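First to last, the sequence lines map onto chains A and B. If you use the numbering used here, the first sequence corresponds to residues 1 to 212, in order. If you use the numbering used here, the second sequence corresponds to residues 1 to 212, in order.
Honestly, the hints are just simulated from the structure, not real lab data. Note that the coordinates shown come from a computational prediction; the quantities given were computed from them, not determined experimentally. Positions of the beta carbon are idealized from the N, C-alpha and C atoms, including for glycine. Each hint should be verified, as a subset may be incorrect.
Stated by the list, open to error - Simulated restraints on C-beta separations:
hint, chain 1, residue 1, chain 2, residue 2, range
1, B, 155, A, 51, 42 to 48 angstroms
2, B, 181, A, 34, 39 to 45 angstroms
3, B, 170, A, 53, 22 to 28 angstroms
4, A, 125, B, 205, 37 to 43 angstroms
5, B, 55, A, 54, 18 to 24 angstroms
6, B, 170, A, 51, 24 to 30 angstroms
7, B, 104, A, 205, 49 to 55 angstroms
8, B, 74, A, 80, 49 to 55 angstroms
9, B, 60, A, 161, 24 to 30 angstroms
10, A, 171, B, 181, 49 to 55 angstroms
What the hints assert, rightly or not - Partner residues aside, some chain A positions facing chain B, computed with beta carbon under 7 angstroms:
hint, residue
11, 64
12, 171
13, 186
As the list claims (entries may be wrong) - The list that follows gives simulated cross-link-like pairs (lysine to any residue, SDA-like), each with its CA atoms no further than 20 angstroms apart:
hint, chain 1, residue 1, chain 2, residue 2
14, B, 33, B, 107
15, A, 64, B, 50
16, A, 62, B, 107
17, A, 64, B, 88
18, B, 64, A, 183
19, A, 78, B, 45
20, A, 40, A, 6
21, B, 64, A, 59
22, B, 64, A, 54
23, A, 62, A, 88
24, B, 64, A, 166
25, A, 33, A, 107
26, A, 40, A, 181
27, B, 64, B, 33
28, A, 78, B, 201
29, A, 64, B, 52
30, B, 62, A, 45
31, B, 64, A, 33
32, A, 33, A, 193
33, B, 62, A, 52
34, A, 64, B, 193
35, A, 64, B, 45
36, B, 64, A, 88
37, A, 33, A, 199
Protein chains: 2
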Amino acid sequence: MTTEPSTIEFRFDFGSNYSYLSVMRIEHAAREKGVPIMWKAFLLGQIFRTLALENSPFVLQKEKGAYVWRDMERQCCKFGLRWQQPSAFPRVGVLPSRVALLGAVQCWIGAFCRRVMERNFVLDQDINQADRLAPILTELGLSAGEILDQAQAEPTKKRLREQTEEARSRGIFGAPTFLVGTEMFWSNDRLDDALLFASEQIIESSLSQARQ
Amino acid sequence: MTTEPSTIEFRFDFGSNYSYLSVMRIEHAAREKGVPIMWKAFLLGQIFRTLALENSPFVLQKEKGAYVWRDMERQCCKFGLRWQQPSAFPRVGVLPSRVALLGAVQCWIGAFCRRVMERNFVLDQDINQADRLAPILTELGLSAGEILDQAQAEPTKKRLREQTEEARSRGIFGAPTFLVGTEMFWSNDRLDDALLFASEQIIESSLSQARQ
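Please model the complete structure; the sequences and the hints are all you need to start from.
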C-alpha cells in the first residue's frame, strides 16, 4: 500500500534519537516545500526483533553508541535544538505512538509529537505513562482523559501493531524513514532529499494536469 | 595519537561505497574551506572482525542492503557522480590501500584514489591486482613498477596494518570517517560538518596567534 508521491510519509519512533531531530524539523521544512506530511509512528523495537536484533545497534555496538551521543550533541547544536542524553535508551514509546495514531490527521499532531520528544530527549523523562502525556494534551487544549482512554482501547492497539507491521513489510529497518510513493529515504540526513523529491513530484503532477 | 585540529584526517576503505562518495568530493570541498587533507586508507573488514561482524552490515542485513543501493543511485545523481552497483561487494582493496599509504603526501594521492574508486564503483572491476593498478599509476606519470614493488614489500604491509589498528584504537567503526583533532565524524553525510569544524579551528587558531 503506497500513497501518492505528493505527500511525505513520516515513519518515526518516539524512542529513536534521530527521529527526535526529524520530529522537531519536519513541519517547518515540509511547509517551505509545500509538501503535506502523513505522520506514522511505529515501534522500531518490534522490527529489530524480526531482524534478529535484540536491541538498538547504538546499544549493541559500543563504538557506534559512543559516537552517536557526540553526533547528537553536534546535530542538535547545528539545528538549534536542545539536547540531553536520555538516562534510559531506547525509551519505550508505545502509549504516545497510540496517541499519535489517533491524532495523525489532527492539527495538533506536530505539536504533540514535539512535546513528547522533548520530554524524552531534553527533560529525560519517561514518555510511556498516561500521567506524563495528560499534561501535554491538556496544554494543547484537548480532552486528555478521552484521548488516553481511546489510545489504550483494543482497536487503537491493533492499529498500531498493523502500522508497525506495514512499516516492516515496506522494508523499513530504521527510524526515521520517509516514504514518498515507493521511494524510501532513511535517516534524518535524508529528510531534505525526501522533501525535495516529493516537491518535484508535485510540480510534475501539476504540469502534467495543466497539459491535459 | 591525534593530529592538529587544523587538518582533516580522511579515513576510508576502497571497498566502501560511501567512501567512494567522499573520495570523489573531498579535494574540491576541502580546498573551498582551506582545510588540508591527510589521506589515510584502512581496512574496514579487519575492524568489522574485531567488532564480531563477519561482513559489511549492508551484506548481513538484507533490508539495509537493498536500501543502500537505491540510496547510492540517488546520492550519485545528487553529487553528479557516475555509478554502477559492483557485482562483488565489498571488494578487497588491500593493494590500492598500500599504494595510497605510499602516496599519502604526494600530489597524486587524490587522483589515484578517485581512479581506483571509479574502477570499483563505475567500471565494476577488481581493484586488488597489480595489473589493474599499474595503468592508473602510469597515466599519472608515475613509475608503476617501482611503486607497486614498494607497496608489496613488508614494511608497507606492516604500516597498513598499523594504520588500520590505529583507526580501530581511535574508535572508528565505519567508513568514511573524518577526524579533526579528537572530534570524529562518521559517514559521507558528515563531510561538510567536519570541514566546517576544521575551518573554524583554523580561524580560531589564527585569531589567537594574532592576539599574541
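Outcome of the hint check:
1. The given range of 42 to 48 angstroms is respected by residue 155 of chain B and residue 51 of chain A, whose C-beta atoms sit roughly 43 angstroms from each other.
2. Between residue 181 of chain B and residue 34 of chain A the beta carbon distance is about 42 angstroms. The supplied range of 39 to 45 angstroms therefore holds.
3. Between residue 170 of chain B and residue 53 of chain A the beta carbons are some 26 angstroms apart, a value that agrees with the proposed interval 22 to 28 angstroms.
4. At about 41 angstroms, the CB distance of residue 125 of chain A to residue 205 of chain B agrees with the hint of 37 to 43 angstroms.
5. For the pair residue 55 of chain B and residue 54 of chain A, the supplied restraint of 18 to 24 angstroms holds, since their beta-carbon distance comes to about 19 angstroms.
6. The given range of 24 to 30 angstroms is respected by residue 170 of chain B and residue 51 of chain A, whose C-beta atoms sit roughly 29 angstroms from each other.
7. Judged by the Cβ atoms, the range 49 to 55 angstroms given for residue 104 of chain B and residue 205 of chain A holds: they are separated by roughly 50 angstroms.
8. Between residue 74 of chain B and residue 80 of chain A the CB atoms are about 27 angstroms apart, so this pair departs from the stated range of 49 to 55 angstroms.
9. Range check, residue 60 of chain B to residue 161 of chain A: Cβ separation about 27 angstroms, and the 24 to 30 angstroms hint holds.
10. Distance hint check for residue 171 of chain A and residue 181 of chain B: the Cβ-Cβ separation is about 39 angstroms, which falls outside the suggested range of 49 to 55 angstroms.
11. Interface restraint check for residue 64 of chain A: the shortest CB-CB distance to chain B comes to about 5 angstroms, inside 7 angstroms, so the restraint holds.
12. A distance limit of 7 angstroms between C-beta atoms decides the matter here; for residue 171 of chain A the minimum to chain B is near 5 angstroms, and the interface restraint holds.
13. Annotation: residue 186 of chain A was flagged as interfacial toward chain B, and the flag holds, the nearest CB pair being 6 angstroms apart, inside 7 angstroms.
14. The suggested pairing of residue 33 of chain B with residue 107 of chain B holds, with an alpha-carbon distance near 18 angstroms, which does not exceed 20 angstroms.
15. Straight-line distance between C-alpha atoms of residue 64 of chain A and residue 50 of chain B comes to about 13 angstroms, which keeps the hinted pair within the 20 angstroms bound.
16. With a C-alpha separation of about 37 angstroms, the suggested pair residue 62 of chain A and residue 107 of chain B falls outside the 20 angstroms cut-off, and the hint is violated.
17. Distance hint between residue 64 of chain A and residue 88 of chain B is unfulfilled; the C-alpha atoms sit about 26 angstroms from each other, more than 20 angstroms.
18. For the given pair, residue 64 of chain B sits about 14 angstroms from residue 183 of chain A by alpha-carbon distance, which is consistent with the 20 angstroms threshold.
19. Distance restraint check for residue 78 of chain A and residue 45 of chain B: the Cα-Cα separation of roughly 32 angstroms exceeds the 20 angstroms cut-off, and the hinted pair is therefore not satisfied.
20. Simply put, residue 40 of chain A and residue 6 of chain A have alpha-carbon atoms about 16 angstroms apart, close enough for the 20 angstroms limit, and the pair holds.
21. Between residue 64 of chain B and residue 59 of chain A the CA atoms are separated by roughly 18 angstroms; this keeps the pair inside 20 angstroms, and the hint holds.
22. For the suggested pair residue 64 of chain B and residue 54 of chain A, the alpha carbons sit about 17 angstroms apart, so the restraint of at most 20 angstroms is met.
23. Proximity of residue 62 of chain A to residue 88 of chain A is assessed by CA-CA distance (about 16 angstroms); at most 20 angstroms being required, the pair is judged to hold.
24. For the hint pairing residue 64 of chain B with residue 166 of chain A, the CA-to-CA distance comes to about 17 angstroms; that is within 20 angstroms, so the pair holds.
25. Taken as a hint, the residue 33 of chain A and residue 107 of chain A pair is honoured in the structure, with Cα atoms around 18 angstroms apart against an allowance of 20 angstroms.
26. At most 20 angstroms may separate the alpha-carbon atoms for a hinted pair to count; residue 40 of chain A and residue 181 of chain A meet this at roughly 14 angstroms.
27. At most 20 angstroms may separate the alpha-carbon atoms for a hinted pair to count; residue 64 of chain B and residue 33 of chain B exceed this at roughly 33 angstroms.
28. Our distance criterion of 20 angstroms between C-alpha atoms is met by residue 78 of chain A and residue 201 of chain B, whose separation comes to about 16 angstroms.
29. With a C-alpha separation of about 13 angstroms, the suggested pairing of residue 64 of chain A with residue 52 of chain B holds against the 20 angstroms cut-off.
30. Distance restraint check for residue 62 of chain B and residue 45 of chain A: the Cα-Cα separation of roughly 17 angstroms lies within the 20 angstroms cut-off, and the hinted pair is therefore satisfied.
31. Taking the CA atoms of residue 64 of chain B and residue 33 of chain A, the gap is near 28 angstroms; set against the 20 angstroms cutoff, the hint is violated.
32. At most 20 angstroms may separate the alpha-carbon atoms for a hinted pair to count; residue 33 of chain A and residue 193 of chain A meet this at roughly 11 angstroms.
33. Restraint check for residue 62 of chain B and residue 52 of chain A: the C-alpha separation of about 12 angstroms stays at or below 20 angstroms, so the hint holds.
34. Straight-line distance between C-alpha atoms of residue 64 of chain A and residue 193 of chain B comes to about 18 angstroms, which keeps the hinted pair within the 20 angstroms bound.
35. The straight-line distance between the Cα atoms of residue 64 of chain A and residue 45 of chain B is roughly 16 angstroms, inside the 20 angstroms bound, and the hint therefore holds.
36. Taking the CA atoms of residue 64 of chain B and residue 88 of chain A, the gap is near 26 angstroms; set against the 20 angstroms cutoff, the hint is violated.
37. Distance check on the hinted pair: residue 33 of chain A and residue 199 of chain A sit about 6 angstroms apart at the alpha-carbon level, within 20 angstroms; holds.
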